[in-house]
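Using the sequences and the hints given, assemble the complete structure.
Residue numbers (the numbering used here), protein chains in the order written: chain F, 1 to 469; chain P, 1001 to 1469; chain C, 2001 to 2469.
Rather than coming from a laboratory, the hints here were simulated on the basis of the structure. Every residue gets a Cβ at the ideal spot worked out from N, C-alpha and C, and that includes glycine. It is possible that part of the hints are untrue.
As the list claims (entries may be wrong) - Computed cross-link-like contacts, DSS-like style, restricted to lysine-lysine with a CA-CA straight-line distance of at most 30 Å:
hint : chain 1 : residue 1 : chain 2 : residue 2
1    : F       : Lys15     : P       : Lys1340
2    : C       : Lys2233   : C       : Lys2178
3    : P       : Lys1015   : F       : Lys340
4    : F       : Lys325    : C       : Lys2340
5    : C       : Lys2015   : F       : Lys15
6    : P       : Lys1340   : C       : Lys2233
7    : C       : Lys2325   : P       : Lys1015
8    : F       : Lys340    : F       : Lys464
9    : F       : Lys325    : F       : Lys233
Claimed, not checked - Selected chain F positions facing chain C (Cβ under 7 Å, derived; list incomplete):
hint : residue
10   : Asp5
11   : Arg8
12   : Gly72
13   : Ala76
14   : Thr90
15   : Thr105
16   : Arg107
17   : Thr109
18   : Phe129
19   : Met295
20   : Leu297
21   : Gly322
22   : Gly326
23   : Phe327
24   : Pro330
25   : Asp360
Said to hold, decoys possible - One side only, chain C facing chain F, incomplete, derived with CB under 7 Å:
hint : residue
26   : Ala2101
27   : His2104
28   : Tyr2237
29   : Arg2366
30   : Pro2370
31   : Gly2373
32   : Glu2398
33   : Phe2406
34   : Thr2443
Single-letter residue listing:
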Amino acid sequence: MSLVDPDRLFPAEAKLRGIARALYDSVSDLPIISPHGHCDPSWFAENARFPDPAALFVVPDHYVFRMLVSQGVPMADLGVPRVDGGPVETDPRAIWRRFAAHFHTLRGTPSAMWLTHAFVHVFGIEAPFTAQTADRFYDHIEAQLATDDFRPRALFDRFNIEALATTEGALDDLAHHKAIRDSGWQGRVITTYRPDTVVNPECDGFANNVARLGALTGEDTASWAGYLAAHCKRRAYFKEHGGATATDHGHPTARTADLPQSEAAALFAKALAGTCSAEEADLFRGQMLTEMARMSLEDGLTLQIHAGSWRNHSAGVLRQFGRDKGFDIPRRTDYVGALKPLLDAVGMEPDLRIILFTLDETVYGRELAPLAGAYPALRLGPPWWFFDSYEGIRRFREATTETCGFYNTAGFNDDTRAFCSIPARHDVARRSDCAYLATLVGTGRLGEGEAFEVAQDLSYRLAKSAYRL
Amino acid sequence: MSLVDPDRLFPAEAKLRGIARALYDSVSDLPIISPHGHCDPSWFAENARFPDPAALFVVPDHYVFRMLVSQGVPMADLGVPRVDGGPVETDPRAIWRRFAAHFHTLRGTPSAMWLTHAFVHVFGIEAPFTAQTADRFYDHIEAQLATDDFRPRALFDRFNIEALATTEGALDDLAHHKAIRDSGWQGRVITTYRPDTVVNPECDGFANNVARLGALTGEDTASWAGYLAAHCKRRAYFKEHGGATATDHGHPTARTADLPQSEAAALFAKALAGTCSAEEADLFRGQMLTEMARMSLEDGLTLQIHAGSWRNHSAGVLRQFGRDKGFDIPRRTDYVGALKPLLDAVGMEPDLRIILFTLDETVYGRELAPLAGAYPALRLGPPWWFFDSYEGIRRFREATTETCGFYNTAGFNDDTRAFCSIPARHDVARRSDCAYLATLVGTGRLGEGEAFEVAQDLSYRLAKSAYRL
Amino acid sequence: MSLVDPDRLFPAEAKLRGIARALYDSVSDLPIISPHGHCDPSWFAENARFPDPAALFVVPDHYVFRMLVSQGVPMADLGVPRVDGGPVETDPRAIWRRFAAHFHTLRGTPSAMWLTHAFVHVFGIEAPFTAQTADRFYDHIEAQLATDDFRPRALFDRFNIEALATTEGALDDLAHHKAIRDSGWQGRVITTYRPDTVVNPECDGFANNVARLGALTGEDTASWAGYLAAHCKRRAYFKEHGGATATDHGHPTARTADLPQSEAAALFAKALAGTCSAEEADLFRGQMLTEMARMSLEDGLTLQIHAGSWRNHSAGVLRQFGRDKGFDIPRRTDYVGALKPLLDAVGMEPDLRIILFTLDETVYGRELAPLAGAYPALRLGPPWWFFDSYEGIRRFREATTETCGFYNTAGFNDDTRAFCSIPARHDVARRSDCAYLATLVGTGRLGEGEAFEVAQDLSYRLAKSAYRL
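The structure is reproduced here in structure tokens:
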């Protein structure tokens, strides 16, 4: 069996495998709903060709280059730009060869599976990828990238994507999204409101960012009321001009707060003045999650909370190569105490959608499933980041389903900036879920007819309803 | 395969399944030992018929109604009484129809399996339970509930229950238990001493409760010595008049303490005066666990610690509908530091039985199994609450057996207030354990002859010995 | 199937089992690399016969006797010496009979598997081990221990051990290792530098120990610079005279620090003066991990961190029987914040080897794999202590491989003081890893040819390279 075997990821036992295959066959052709991710909207606005194989597969993908770095390959040798503009490898073929020479270090990882899937299914090249075959792969992929069939919009259509959400900061002008809409191309690429830079007092330039938010919205963001009004307006702008159906919030913890408005206003003033302590900054971020949830009650945007990552853990890597370089490390994260203020404020609202993500798998069964199995506003997002994988999905289902069922989960999302991995990721998720469902059917925990319904729900319907797509 | 397939929950692979089936066949007819739960003793004292299907299956079962609430059904529409006595649904058939219409949201949960088992094996009705069949189910169950065969004592006998423990507060007069004994009916229904209201300074009316404990026992509970003596007397009363063999303690944490008696007395005085801080209240609860363990050394009652639940997490639900409404959420719980004072005091006593329960599965392998695999006084209780399920039992066995073996565990208990689910729960536990044992046998980790012995132990003998039944 | 079935620990499904068997057959005869453990070097220096079966299998093995203690057998009845020299059982046959009578309490544990393996494969006796067969086992083993074929060096050769590391304190004179080298025997038994007694200010006699370190090295260990220089010299001594390739550090937490040298020197002065608070002692230990890592950069010794055990949890057992009596209990352990100072100092060094061990399995996927999958200096040690087992290894691979692959792990080590269990432990590890690899192959997550390469790596090559053996 190979990494592209038609039965991959299904249970080994023949009867379970048969059930899994039947379930998968019923969902494998469904359109892809990608309600959260980090693709660059300019790809679809400009529809330019991708530069080269290394720029497509290696340089922007921290899943890939962090593994090579962990095995002793200098980051600069993989073409990752330095903060100081100092010299790094610029020859894409040299980068590609290093990637190939270390491809075996990815054995057993989802990246190996995604990359192989893209080589085979997107670029039609099936040989083992090694130092020996590196050039052959390079030349083949390079030749295809030069054709119109491999431009972003063509791939988007080929991938059968029904909707793809990108993520933009609150100050973004959404020019690319407007260009996509104006172009006449029918692909549905929408934005997501990500206000970290105007919500997090510890963000560089916070006060300036808030002032710019004011300028963009015509609100007096020096006042708490004006600041909240500016968010409301900006959210409406993201809905109207970028098709947004959701907001996204990446906080170090899941802390929420629901202060009296006068205290919140005073805290905001300190944040603007740059005099918040670390504790107060955290409190302000927590307050803003509750404020955002209240706005969601009004405008219907789904609220996503991505909590628990210690970003840019290595001081040296941050200094030399900047943010998002594969050195973000999860930490233990509490949700039960952290979310209580938010949940006491709006958790019982049946029309609100709050989607929780975690990098701390210990909370699946202990905290998240019991919360989502009680509060109407909560849904559980799919396994995130390191856990977007066969084992990660298995653990998620095994730990949550018995407590909150399937219908308090939100379907799959790929959360990727690696465009060519999107079909592979959704395929892995559908296969993994079908493997899980087959196991339930084969051990008398779910009826077979029910399993076919649930497979549709997990692959397609739940994502649409959780994100109102 | 259906949810009542004879081979349900057994491994899919044919050889393992055969072993599991043989193991299960050897224990499936053993009497049920239910040493911990929350059935209402009045059922067996009065032996009145159960009012209606909704009152039997929906209204009192927070496993069920919290799931419907999480999907947007208002709690009042399910007949859950309001604290203020305000209007809620009173038509049992309307409640039942809502239940049926949302039954699919329970897919994959143990509740779906328990309910289906009760429908089929208790009430003899096997159709899919949906909005379409709701009335048929209702009428069928209602008709049976009207017959003598479905009165509590008849069901108790039919369920082959050898012993059933209920749980009563320390101030309970045990009138129902006395009525059962006086009735001449032979069913063994016993009580458990649960002193939370007279042990927890944060409990409403704590001082009054302690005064009542004094009145009941003729001890001066205004003094620390009298208070301890009153507990001793009340425990003896529970043993003599209710057949109690155990006590039970539901604390937010597993904290224990072993203060000098003078400090404990001073703390008790503060507790009575209502001047304990939250920290002091926690310390007092911890001290009382150690005191209770010392009393157990004298009177032989098994001590159960159920730690780690954040009770009544939603302020709104607590305000409108009161306690125990499905909004109790587990939290991370430390046992290693928390139990040390208790264990230093009495942990090496070979005749003491302390049974530990947790809602934090991360402690199974890291803390509880190493502790139980060393201290003679400790036994591990079965997976509790959200984890009383196929996957929960599997994780428990996989995480604990290699470190503390089988003989430091305490068999199964159902911990339920849903009487009709008792056979289903014990059946799931027996099947899940046999599936685990079959896997050990099939992979050379346990001899087949040994497995048959262990199956008897897990299904019957360990519960009897852990609770001295 | 029995505990010594040739297919034990392989997946039950026939096709997976076939793959697992083929993988295992390709590695089962590889020499054993045992790069970390606690065998007594005097065994190989003196090559005296082992005293008796109880002294070989029961009295020194806290895995075994703690289980019997947990079931109510007094520790003294098992011959464990008392601190006060008071009476304990001295008849080895009486100890052996108690062991046999309680052997069933080890069912399902790795100890049962290791012991059975040793009985069968080392001593050639295959009957069930029970109270009835206890004497037969005793007489058989005793007779064999009296022969030259069962002396330590003969067993070492029979076990096919290529290299075995013991662990000695920094003040050890390595006389046994020198004797081994001088003996002309070719077995490679090397030491490991374990400086806890001269690094931990809370260790009894810390200041004296440091003074002795000074005397041994000719450095002025009253000064910080001299103290560091003494460590450097002592490490060199361990390399030269004991063949050491690694150091080992057993700390209660994974805390590290990288203080300015002047602050470190001041802290050291407090440590010597015995005036460190608990917090300062912890800080000093953390500082020394970073100092040791810097020395490793110079001398190439691999640095091992074994963190997270609450040693000697029972005050009573510690008082009566002393340290290391099976009452060491794991605790929740943070690595992300704890290791940051060390990693900021040396984590990006590609030639450094830091091997992380944990007793908190929750950090495998959440913390350790993300760290090891990024920092070049880090490798993950195999499952440790309670988790050196089939399920422990399975959970380790499932939780880490997808994030950090295979090549950021360090192969297996047995970490044992039970010499006869070494072949059994490596066999369990090889079988468990092959079972995991077979599952990957059978579900399309790894090519079959790749799996054979990885099996060699996990069984042999990774341990050699991680420890530079």
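*Structure-inconsistent hints, enumerated in ascending order*: Hint check: 1, 3, 6, 7, 9, 13, 14, 18, 19, 20, 21, 26, 27, 28 fail, others pass.
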